[in-house]
Amino acid sequence: MKPILEVSHLSKKYGSFTAVNDISFQLQRNRCIALLGTNGAGKTTTMKMIYAAASITRGRITVDGFDVKKSPSNTKRALGIVSQEDLLDGSLTVYENMIAHGLCYDIPKRELKKRTQNLLTFAGLANYDDKQISDLSGGMRRRLVLARALLNHPKVIILDEPTTGLDIQSRHVIWKKLDQLKSEGVSLLLTSHYMDEVQRLADQVLIIHRGKILASGAPDTLPAKYGYQSLEEAFLALTDFHEEDDHIVQALS
Amino acid sequence: MYKLSLRSIKHVIQLNYMSFRKLFKVSVFPNLLDPILYLIAMGIGLANFVGNVEGMPYFLFVTSGLVAATSMNAATNEATTNAFIQMRVEKTYYAVSMTPVNLQDIIIGQAIWAGIRATIFGTLFLIIAGFLGAIHSWLVIFVPFLLFLNGLLFGLLGLIFTLLVPNRDYLNYYAMLVIQPMYMFSDTFFPVANMPRWLQPYCWLSPLYHAVKVCRGLMLGNPTGIWFHLGWLVVVVILIAGLPIYLVHRRLVY
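Residue numbers (the working numbering), protein chains in the order written: chain A, 1 to 253; chain B, 1001 to 1254.
Isolated chain A (complex conformation) (with noise of 0.2 Å):
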């Protein structure tokens, strides 16, 4: 089966200083996988590169069978984003926020207005929807980030660290969403710095490090398959992290 979305040999280099280097996968329909790593190590670049935000140095991508370079417009069709900052504008409402990203997408008025109001729902924002931005909790904010990623209707999802800085609630709702978005047959391509994020939602864990993959395979194989008891151990043990040389443990100590 085609994957619906085709990381070739990419890289990406600022300078002398390469953040991406020589990285493929490949991602199926209904699947998701989980790109781990610690700051800095890609990560980001690779999902900007996806979605046009940042330029390709060297290598492919397609999604949905478009090529980023080419056609950014056709591939950005299939894709739905929620970014790492929420991005939304303060001076609309939360209905406003939806119409105006769901206008980009050329989707009808009528069916811009009915896809809205069940996203609404879908999120858990449906009495929310004449608030300002500012009148949302932070919960809140990426749960209608979520639901205006989905106004077009895509076929690959690109969460750059969804969750981070909410609570377990918050999480927890998030996730099931998630889910149930893949039993639709959406693709999704995460990143977080969850490993219980990684272990419920993912199929597949990409390991990064310094712009490279060190290691690749299913969340709850991946750890026997490199000698390490869990996800955890091994991606520590992959990143080079030493408890000695890290410089807020020591400062803790």
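If you're looking for bench data, these hints aren't it; they were derived computationally from the structure.
Ideal placement from N, C-alpha and C gives every residue a C-beta, glycine not left out.
Some clues are possibly wrong.
From the structure, some residues in chain B lie toward chain A, with a derived Cβ separation under 7 Å [claimed, not checked]:
id, residue
1, Met1018
2, Ser1019
3, Lys1022
4, Val1089
5, Lys1091
6, Ala1095
7, Met1098
8, Thr1099
9, Pro1100
10, His1136
11, Leu1139
12, Asn1172
13, Val1253
Given chain A, work out where chain B should sit, using these hints.
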């Protein structure tokens, strides 16, 4: 070469309109207060001491200049302060660029929106000026087109500067060193022909000078030479339109 999409540009204008509609009441006051104050001080107060300028009452000379200047200021505010907030503070450009709308469409849509804002506020001031007796020709119906062209040009200029500055404080330099001198020395308050000879070529380089000439010609029914000035504005728009597109890709795509 970056391809433009008319649909995407339309969406950018729609998005700007959605925010503008909500903030119209707040923004109308500062955009019109400044030219009204100048109109009272110069066009009514100083006019009593000046008499005729270039064969017309000073009140008419100043008012026609202020109509064009109002459009310049409205477009400049949109393309500098508002655009900066959208680019760097609220990151609206980034959010929109995640949709099928690409950065080049956002920039051109923003410049056109600056032109539309310039037309709205310039026309509102023109109506006020009309009530005070500053309109002397049916040709005035073409003034909104000029205001749009002038706004588009200043929208592009403002965006170029906004994309170049490292932080928000630098926008004040643009206002002080570029816009304010143009405001003063573009045939707005004083005839350029009476300025020192060394200054006159610089005045001619000001887009506002050419916009004022066209605006005055249309309001007072003396269209002689306006085609040259219109042509000057159109050529400059064509020449600079590609620069903010190039800069936005350098600045916002990493």
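Hint-by-hint comparison with the structure:
1. Met1018: holds (6 Å)
2. Ser1019: holds (5 Å)
3. Lys1022: Interface hint status for Lys1022 (chain B): holds (6 Å vs cutoff 7 Å).
4. Val1089: violated (10 Å)
5. Lys1091: Where the cut-off is 7 Å and the nearest Cβ of chain A is about 5 Å from Lys1091 (chain B), the hint holds.
6. Ala1095: holds (4 Å)
7. Met1098: holds (5 Å)
8. Thr1099: holds (4 Å)
9. Pro1100: holds (4 Å)
10. His1136: violated (40 Å)
11. Leu1139: Hint on Leu1139 (chain B): violated, closest Cβ of chain A at ~37 Å, above 7 Å.
12. Asn1172: Violated: closest Cβ of chain A sits about 23 Å from Asn1172 (chain B), beyond 7 Å.
13. Val1253: holds (5 Å)
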